[in-house]
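Using the sequences provided together with the hints, build the complete structure.
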Amino acid sequence: MDLIPMRDGFMLAAALFALGLIGVLVRRNVIFILMSIEVMLNAAGLAFVVAGARWGQPDGQVVFLFILAMAAAEVSVGLALVLELYHQCKSLDTDAISRMKG
Amino acid sequence: MTIVFYVASAVAIVSTALMVTRLHAVHALLYLIVSLLAISVVFYTLGAPFIAALEVIIYAGAIMVLFVFVVMLLNLGEQAARAERALLKPSMWTGPLILAGVLMAELVYLLAAGSGGSSRGAMIGPRGVGASLFGPYLIGVELASMLLLGGLVGAYHLGWRKAPKPEVR
Amino acid sequence: MLELLWLVPGIPFAGALVLAVLGARMSHKSVTTVGVGSVAASAIISILIAAAFLSAPPAGSTYTQTLWTWIDVGSFRPQIAFYLDALSLVMMLVVTFVSFLIHLYSAEFMRTDEGYSRFFAYMNLFVACMVTLLLADNLLLLYLGWEGVGLCSYLLIGFWYQDPVNGLAGRKAFIVTRVGDTAMAIGLFVLFHSLGTLRIQGLLHAAQVQWSTGSAYAIAAAALLLGGAVGKSAQLPLQTWLPDAMAGPTPTSALIHAATMVTAGVYLIARTHVLFELAPPVQFAVAAIGAATLLMAGFSALTQNDIKRVLAYSTISQIGYMFLALGVGAWGAAIFHFMTHAFFKALLFLAAGIIIEALHHEHNIFRMGGLRNELPVAFWTFLIAGCSLAGLPLITAGYYSKDLILWSAGSSAAGSTGLWAAGIAGVVLTSLYTFRLIFLVFFGPVRTSVTRRPGLAMTIPVCVLALLSIVGGFDKAPFARFIATALPTLPEAVGGITETLSSIFAALAFLCGLLGAWFVYQRNPSLATAMVENPAGRLLHRFWFSDWGMDWLYDRLFVRPVVWIARVNKADVVDSIYVGLANLATFCYRVLSFTETGKLRWYAAWIAGGAVAFVAVVMFL
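If you're matching them up, the sequences are chains A, B and C in order.
For what it's worth, my numbering labels the leading residue of the first sequence as 1217, then goes sequentially.
For what it's worth, my numbering labels the leading residue of the second sequence as 2, then goes sequentially.
For what it's worth, my numbering labels the leading residue of the third sequence as 3, then goes sequentially.
Don't read these hints as lab results, they were simulated from the structure.
Note that this is a predicted model, so its numbers are computed, not measured.
You may find that some hints are simply not true.
Below, a list of computed lysine-lysine pairs in the DSS-like style, where the Cα atoms sit at most 27 Å apart [unchecked claim]:
hint: 1; chain 1: C; residue 1: Lys601; chain 2: A; residue 2: Lys1306
hint: 2; chain 1: A; residue 1: Lys1306; chain 2: A; residue 2: Lys1317
hint: 3; chain 1: A; residue 1: Lys1306; chain 2: B; residue 2: Lys163
hint: 4; chain 1: A; residue 1: Lys1306; chain 2: B; residue 2: Lys90
hint: 5; chain 1: B; residue 1: Lys90; chain 2: A; residue 2: Lys1317
hint: 6; chain 1: C; residue 1: Lys601; chain 2: A; residue 2: Lys1317
hint: 7; chain 1: B; residue 1: Lys90; chain 2: C; residue 2: Lys601
The following block contains the structure:
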């Protein structure tokens, strides 16, 4: 097994996280926002795995497992909400559902 | 092995970038799946085969499929894609790009300053992960199961359509 | 018998309570019974007490009756206690008796007024407070009575409250006397602080022991008490309220603003005479104020055309005589003049009330005339009272009392020829305006016809008072002996004017005024108009008519600045601090509510921005 520098692993995670963040902030379609959030979650999990590989322990993988479980639960509920939203407002534009303003 | 890591990283970044800029939801989903598969390869090079498998099976195989189902259910069509084009004006990109750019710069700065290190190179397979899960991280497993139960109940409740009630006189 | 002392203020107080609570539901007759009866009972009890006091004087010629302890805080324990000596006995007698006569009179005078029970409630309360003031054993109880009579004065001046002019007059009276009351309160603080007690006898004794003549404390305390007396007795410079107080009903003017309340200042100074003896500059100020006021008011009375205002200025002038007597140390003479003045001034007002009612509420003397035959009762009683006021020699009470004052002013150690001359000039003026009034009202052609003759309830009091105005002065010597048990007598004359000389001059002054008035108003009425038409005469007339411009002066000095400040502060500087805080909070709210757009991406952007900032902080700090 060749050694991969930590720095590069973390850089990859950072880059993916930043891309996911751009996706959340730019897109107005709620499906795209959810997808970008998945990307960010994945990037965070990648960082954990990289750290675990650095120390040669399974802890990083365990945490990634938990993140995976959490992402699954979040996606299921989130998509159910998206369907409900589409039913109520006939649109997936998040800017259109801004009735709770001050 | 290192070369595999770098190629897979490049694929992941490119496909994620493409995913963010697509107009069709289905196209974006497919690019996302490609990105996830590339990440799985990265996991393998880091010595986490179990997680690499799980990434494909669960993340790309279950979560993304869920996304695909919902997008198909919504049946958005061509007119949604045109609406998306109208929404994605170049001026929309400046703010987020600046914000993400600053964040990226900070992270790069932090990472460049650190000493880092390298991966050990050893493969930690399912046995090692399992021993850890049912040993020190047992409570995490229980909590995760409760979380999944919560998600299950929530999704069921939200998805249940009420039958129209007959009028009560 | 002396134990009944507490009933003298107590019965009118109870009467006032009954009338205040039940008056609206009582019949006219029962209101009259309670209102007049309570004061009658008070007068009868005072007479009985006086008889008992004179026949068997108690030890030291004083009697104290303590009812209960009012306040009990540390060393400060004033009590509700009444102190009876010659001074308070005389004043109590005069006040209750004259009050009874005036209440009887007002039973008929106010019979058609719709506030009948309210009137008697106020009058009874006034009598109760006045007697409390006179009998008070300590200065705090005296101050209670002082404030009480001030309140009743305000209520009664503004009795016909539907007319805002009356309310204004009442407010003016209250505010001007308040200035004096505040000075008096500060005087009480000074006295308590330095002497440790407010019990009058104890206080005077301690002052004599602790303070030397002319010490700063004595001067301060005496000057502050003088301030209070000046306000209540309508002397310079606080005399502007009394002429306007004539807006009240005539019985009120007779009782409060002639015979009793306005003499409370005289009583105060007489009561605390030790303090004034310890402060010679202040005592001289008393005499100076008295002399100046009696002349000023005399000139003002010459020009008035409202019958009640002439009598008001006359009251101010006569109280000036009492202050003059107090200022030269003739304490007994001042009280003697108070007694005779109460008789003839109340009589003047009551007779004027008869005239006013008979002519259907006409107040202007230039529209009266020839009432000599139409209203004989009013004419003879008014004439007797006017002669007593001006000092007709030998047969009127006023002559004896005024003579005593003049002689004391001229011959005592503290007096001087200047003060005596001022007094004599005052006699000329008094005689002049009194007979001007009599000639204009009762002689000459009838200008307004009489619509109503007085009944029995109005005739009896005026006749009794007329009798007292004649015989009241004959007891000068026994009175002086009696009052000497409470007040120090004047040391024997050191020279200056002798008594006989002073009497002759006083009689001459009286004649001067009488002849002058007869000449100008009876013989050549056109002369009066000619004097006023003359430009110098017109200026003088206007000057004296407006009370030497004092109302104008006070308006410019005090009223306008305060009103200006109130108008400028309409936005209320202090309030704007609190309002400003509220406005600031509202402003912050409006600014922050812009962050609640309801847009998901906006919130996400802020979260991301916050995370970026947080990382930066961690990095660089």
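Structure-based check of each hint:
1. With a C-alpha separation of about 17 Å, the suggested pair Lys601/C and Lys1306/A falls inside the 27 Å cut-off, and the hint holds.
2. Among the hinted pairs, Lys1306/A with Lys1317/A is consistent with the structure: their alpha-carbon atoms are about 20 Å apart, no more than 27 Å.
3. Only pairs whose Cα atoms come within 27 Å are accepted, and Lys1306/A paired with Lys163/B is accepted, the gap being roughly 18 Å.
4. Annotation: proposed proximity of Lys1306/A to Lys90/B holds, straight-line Cα distance about 23 Å (limit 27 Å).
5. Restraint check: the Cα-Cα separation between Lys90/B and Lys1317/A comes to about 25 Å, which is no more than 27 Å; the hinted pair holds.
6. Straight-line distance between C-alpha atoms of Lys601/C and Lys1317/A comes to about 8 Å, which keeps the hinted pair within the 27 Å bound.
7. Simply put, Lys90/B and Lys601/C have alpha-carbon atoms about 18 Å apart, close enough for the 27 Å limit, and the pair holds.
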